[in-house]
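As a plain string of letters, each chain reads:
Number of protein chains: 2
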Amino acid sequence: MKILVTGGAGFIASNLTRRLLAAGHRVVAIDNFFLGKRRHLTPFLGDPNYTFIEQDLLDLPALNQVFAEQQPQRVWHFAANSDISFGTKFTDFDLKGGTLVTYNVLEAMRLSGCKQLLFSSSGAVYGEPTVHPTPEDYGPMLPISLYAASKLACEGLVSAYAHSFDIQVWLFRFGNIIGPNSTHGVIPDFLGRLMDDPSHLRILGDGTQAKPYVHVEDCLDGMEFAQGHSSQVLNYYNLAVPDRTTVNQIADWAVAALGIAPETCPRDYTGGPRGWRGDVPYVNLDITKIHRLGWGPRMNSDAAVQRAVLEIAAQLKAERAEGGA
Amino acid sequence: MKILVTGGAGFIASNLTRRLLAAGHRVVAIDNFFLGKRRHLTPFLGDPNYTFIEQDLLDLPALNQVFAEQQPQRVWHFAANSDISFGTKFTDFDLKGGTLVTYNVLEAMRLSGCKQLLFSSSGAVYGEPTVHPTPEDYGPMLPISLYAASKLACEGLVSAYAHSFDIQVWLFRFGNIIGPNSTHGVIPDFLGRLMDDPSHLRILGDGTQAKPYVHVEDCLDGMEFAQGHSSQVLNYYNLAVPDRTTVNQIADWAVAALGIAPETCPRDYTGGPRGWRGDVPYVNLDITKIHRLGWGPRMNSDAAVQRAVLEIAAQLKAERAEGGA
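Protein sequence lines correspond, in order, to chains A and B. Add 4 to the 1-based position in the first sequence for my numbering, that's all there is to it. Add 4 to the 1-based position in the second sequence for my numbering, that's all there is to it.
Some hints could be false.
Copies of the same chain are indistinguishable here, so a pair counts whether it falls within one copy or spans any two.
Said to hold, decoys possible - Heads up, simulated BS3-like pairs for lysine-lysine below, C-alpha to C-alpha not over 30 Å straight-line:
#: 1; residue 1: K93; residue 2: K119
#: 2; residue 1: K293; residue 2: K41
#: 3; residue 1: K100; residue 2: K119
#: 4; residue 1: K293; residue 2: K321
#: 5; residue 1: K93; residue 2: K293
What the hints contain is simulated information worked out from the structure, not anything from laboratory work.
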């Protein structure tokens, strides 16, 4: 099958590409390198089943041309801003990079006759829910960040296109996805800062924020499973793990992974329950629905974090060795 | 108080303007006359407390200048596409006229320090709910039209701005609002077509679609009451009536209001349960939350429709008399 992947040089999509090519699919990846990294494409560039197109998804005529020429049968849409705190500084960042881009992808699908979409939303669409674990039918959906507002807007567009134009959709509300090639987030942040200066570690908030961390391999496994095992016009699932890991625990493992003696690395807390305005400090997504479909993650949150810390530490070391060479 | 009203030449805002001026407020109304009508402004043009500005809300720099010059203390934001079926024909119609316009209004508020917003959303954000009556905390919110997708996107933006930038918001999910100055909808449609040709009446769908029709005076009364009696950062209410009126019943009253003998006016049904793709044929919004606050509508759905049919028939006759003069 010919599959188009947006955000193709980004974190999750670059992990997906490896899996899709290994499964024998043809992959057309699109990225504008705003957040994506050229090095994430390197492993695929010689593969005859792989096509990379450098393109800004905000350019709808150009995107329409890509779809007309490539005629993909399915889209995995990952392109988005992935840093929630950006949206407070630049208020049109998520509107353009999330909402308008998703409209353009849907419109290019409609005009070219592409009928299947996997879309990555976020548990942030629930705002600060009062029900834990939070199920898919939780309401009201009142986001507290512009990032989450954009994900909610994208969900609405995806749902309306599904019902108006017969595009079949699998929509996933992610926990925190982690693993190799991640471009930002608490794990690369901690590791990067500790590699720069192992004498202390600054922690946003009070360190007790607790989230379900999902390894990217489990994330992609769950998406593929749900796509293969559900067939409504609009299929939607929380995709997370049953437990949570605190920021303090992640700090412990990051310090250990770099061989730093904990007593030599005091922590500076910025304080308060949130890492930043718009941060939801406690996230607990109910994954009963995807469990009932027959799928569960192989790694719990702690196991995913421990693995990702080692993977990302190895990547950062290799990058710094190259950069210094 | 100085109050800015968007969509100022539109249906609900023009009814609001009369009430605000009568209550001694200063009103700054903005409209681009895309859907709004110049005749809706005529009653206010000599009033020293009334300022009208012809401006497209998609032009953010111009909108920022309006806010900087006028320094409104509160915004009632009504500007939007109000015809759900438009969105299927022009897929960027609601995205631009709803989502992007609402972002611009919020951004202009943020930059000018305006801190209070009343926002008109729609019960359509619930998609096709399985719970009736549908309460405010219903989920999942999976809209089936691009109109509803845009309202959901606007809700997300409004919620994120409330939490990120301390803008206090009163958000209302309307039933079908009807009354004088309405620019479209089943009542002016039926009356207009019957005045053109009283020999038959075309009805979209099978005529059994049933919605809660709210008279615009009750709508504005409920909004004012909720604004005065709730003080969260984000306050949200369904604003509807406890009963519903069918399209067939509205047709009966429209025929009667024009003095047409029913037996001389057969009905042509386009058939099917929906008026158009994206139409939600049965709407029943739970209004317990605003009831608990202490407010209820004076007119039920049937009473609102009967009154609005007479009001709109009188307006259409006057307009046609003028047009023919």
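Verification of the supplied hints:
1. K93 <-> K119: For K93 and K119, only the inter-copy Cα distance (19 Å) is at most 30 Å; the intra-copy one is 36 Å.
2. K293 <-> K41: Result: close neither inside a copy nor across copies, 34 Å intra and 49 Å inter.
3. K100 <-> K119: Answer is both: 24 Å inside a copy and 24 Å across each meet the 30 Å cutoff.
4. K293 <-> K321: Classified as neither; 39 Å inside a copy, 56 Å across copies.
5. K93 <-> K293: Answer is neither; intra-copy 36 Å and inter-copy 35 Å both fail.
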